[in-house]
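Novice: If you use mature numbering (1 follows the signal peptide of the UniProt record, and there is no 0), the sequence shown corresponds to residues -17 to -1, 1 to 263, in order.
Note that these hints are calculated values from the structure, not bench results. Watch out, some of these pointers could steer you wrong.
[Claimed, not checked] Once the Cα atoms are required to be at most 27 Å apart in a straight line, the calculated BS3-like pairs of lysine-lysine come out as:
#, residue 1, residue 2
1, 59, 212
2, 180, 255
3, 23, 66
4, 87, 180
5, 216, 110
6, 72, 59
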Amino acid sequence: MRWCVSIGAVLVACAMAGGDVAGIAAPSPRNQLAQTKDDKTAVDVELILAVDVSYSMDMDELAIQREGYAQAIVSKEFLQALKSLPNGKIAITYFEWAATNDQKIIIPWRMIDGPETADAVANEIIKTPIRRASRTSISGAINFAMPLFDENPFHGPRHVIDISGDGPNNNGVPVTPVRDAALAKGIVINGLPIMVKEPSYSTMDIDNLDWYYEDCVIGGPGSFVIAIKDRDKFKEAIRAKLLLEVAGRTPERRVVPVAEKEPRVSCMIGEKIWQDRWGR
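Build out the structure end to end from the sequences listed, making use of the hints.
Specialist: In structure tokens form, the structure reads like this:
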């Protein structure tokens, strides 16, 4: 099932520890502690943060994005959600992406199990120089992310890829078959479409980027999109999304799977815009 939520105080409140709020169900008490596998450290979730650094993102957006992730990881709400988990631990890695072969790991796999490890990860995110690069390949980011789950020293029952970006796929292979390959591996993909600027031909932005993410990018049980349409809500949205991912919360109400209907936005729209503009 997939669902879309709007950022705001209600979302932040529902993501905090403590029962069912605003239609979001707390994890089942039947959930068991993650078991170690091949001597890997047991965690509650293996989370990949895949962050867009394409040229359509301005330097201010990139800085706010970095700060948003760093502040979310050390926030009181995040640490409270962490403590409520069966193991009280998550594994996290953070990489930045642009073109199909342009991905850079900023934070290799780390375990977060409390304030000290959270501070260490947040500080490492902040101190890394900000960069920008050409093209937007969401498919390349997913392809890069998938094998990372097999290469880390942790084992958790949930594998999640968290993708943030401000435009559709316009480079590399189409996004939907790569998304489907990830879903076949039991990976959940969530999205954070950034829509703080008016769509522009020069930056290849599109209307309804949130629809594109819902219909073409995300997938898996409980997958969701949080759209950022106000620059002032940037950090709040990142915090809310991480809280939901760590808590593993899912909606109580039924949501129609996107696969049951036609995409509202063409999943090839980015490639078409690039072809129309550059002829290649």
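Novice: Would you mind marking each hint as holding or not holding in the structure?
Specialist: Hints, verified against the model:
no. : hint       : result
1   : 59 to 212  : holds (25 Å)
2   : 180 to 255 : holds (21 Å)
3   : 23 to 66   : holds (20 Å)
4   : 87 to 180  : holds (25 Å)
5   : 216 to 110 : holds (23 Å)
6   : 72 to 59   : holds (15 Å)
Checked against the numbered hints above, the structure violates none of them.
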